[in-house]
Amino acid sequence: MKTRTSIVDALHIVLEVLKSGEPFTLNKLAKESDLNFRTVKKIIDVLQSSHISFSGKQLEVSDLESTTIIQLKEKTGLLLFPESIQNLIIKTNHYPVASRDEEILVHLLLKKATTPENAVYLPEGRMIEELVGAEHVGKIGNRFYLTEDGRYIAKGALELYPELESISIEKPKENTINVGRLTMIALGAPPNTVMVKRKLEELRCVQ
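Residue numbers for the sequence shown follow my numbering, so the first one is 626 and each next one is one higher.
For the record, the hints were derived by calculation from the structure and aren't laboratory data.
One thing to keep in mind: the hints can contain errors.
[To be verified] As a list, the in silico DSSO-like pairs of lysine-lysine whose alpha-carbon atoms are at most 30 Å apart:
no., residue 1, residue 2
1, 667, 737
2, 737, 780
3, 764, 682
4, 682, 644
5, 644, 736
6, 644, 666
7, 656, 644
8, 667, 682
9, 644, 737
10, 656, 667
11, 666, 653
12, 653, 667
13, 667, 644
14, 666, 656
15, 698, 682
16, 682, 666
17, 736, 780
18, 736, 698
19, 780, 764
Bear in mind that the values here come from a model prediction, so they are computed numbers and not experimental data.
With these hints in hand, go ahead and build the complete structure from the sequences.
What follows is the structure, given as structure tokens:
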């Protein structure tokens, strides 16, 4: 006998199917989600009505000791824009070019060097030593891999700078990279720290 799926679980299942971006009829969506047609219809009705209610707003849930505060607030600032536009604004205003350490971390991520078993060779230098000291990179002999924190930073950097994916296109001999060359990959020039600082000062003045 098939167990009954809770409305919460059904909602998550339908949203997971819809993530593909493909168009679905209700019948096809019910088949893909393995849910009852009427259940799918109810979920779509809820999603439609909540989408209208949440337009331009965000649901804020705060846990204060033994009390949970729920409030529907107007979106302000960056939250008014889609996530892709938010990333573009942050990147343009604050971090126009990836830093050298971000490039190295992304390289390790793209090489799947995320465990000691998959560590890859890197020429040692001050930047590598700093990443190891910050516990963003682990070291085994002359081979390196991303720690949990390093993976988190690398994924964020790759999301903000998708052009860094080009680091993995060339396959150097013996799985090595020229760390000195990495600084030129992101936008064809090293990070302009002076420009970033000046832009930050301008933003503070405006605020």
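The hints, checked one at a time:
no.: 1; hint: 667 - 737; in the structure: violated (42 Å)
no.: 2; hint: 737 - 780; in the structure: holds (12 Å)
no.: 3; hint: 764 - 682; in the structure: violated (46 Å)
no.: 4; hint: 682 - 644; in the structure: holds (21 Å)
no.: 5; hint: 644 - 736; in the structure: holds (27 Å)
no.: 6; hint: 644 - 666; in the structure: holds (17 Å)
no.: 7; hint: 656 - 644; in the structure: holds (16 Å)
no.: 8; hint: 667 - 682; in the structure: holds (23 Å)
no.: 9; hint: 644 - 737; in the structure: holds (25 Å)
no.: 10; hint: 656 - 667; in the structure: holds (15 Å)
no.: 11; hint: 666 - 653; in the structure: holds (12 Å)
no.: 12; hint: 653 - 667; in the structure: holds (15 Å)
no.: 13; hint: 667 - 644; in the structure: holds (18 Å)
no.: 14; hint: 666 - 656; in the structure: holds (12 Å)
no.: 15; hint: 698 - 682; in the structure: holds (5 Å)
no.: 16; hint: 682 - 666; in the structure: holds (25 Å)
no.: 17; hint: 736 - 780; in the structure: holds (13 Å)
no.: 18; hint: 736 - 698; in the structure: violated (42 Å)
no.: 19; hint: 780 - 764; in the structure: holds (20 Å)
Figure legend: structure checked against the earlier numbered hints; hints not met, in rising order: 1, 3, 18.
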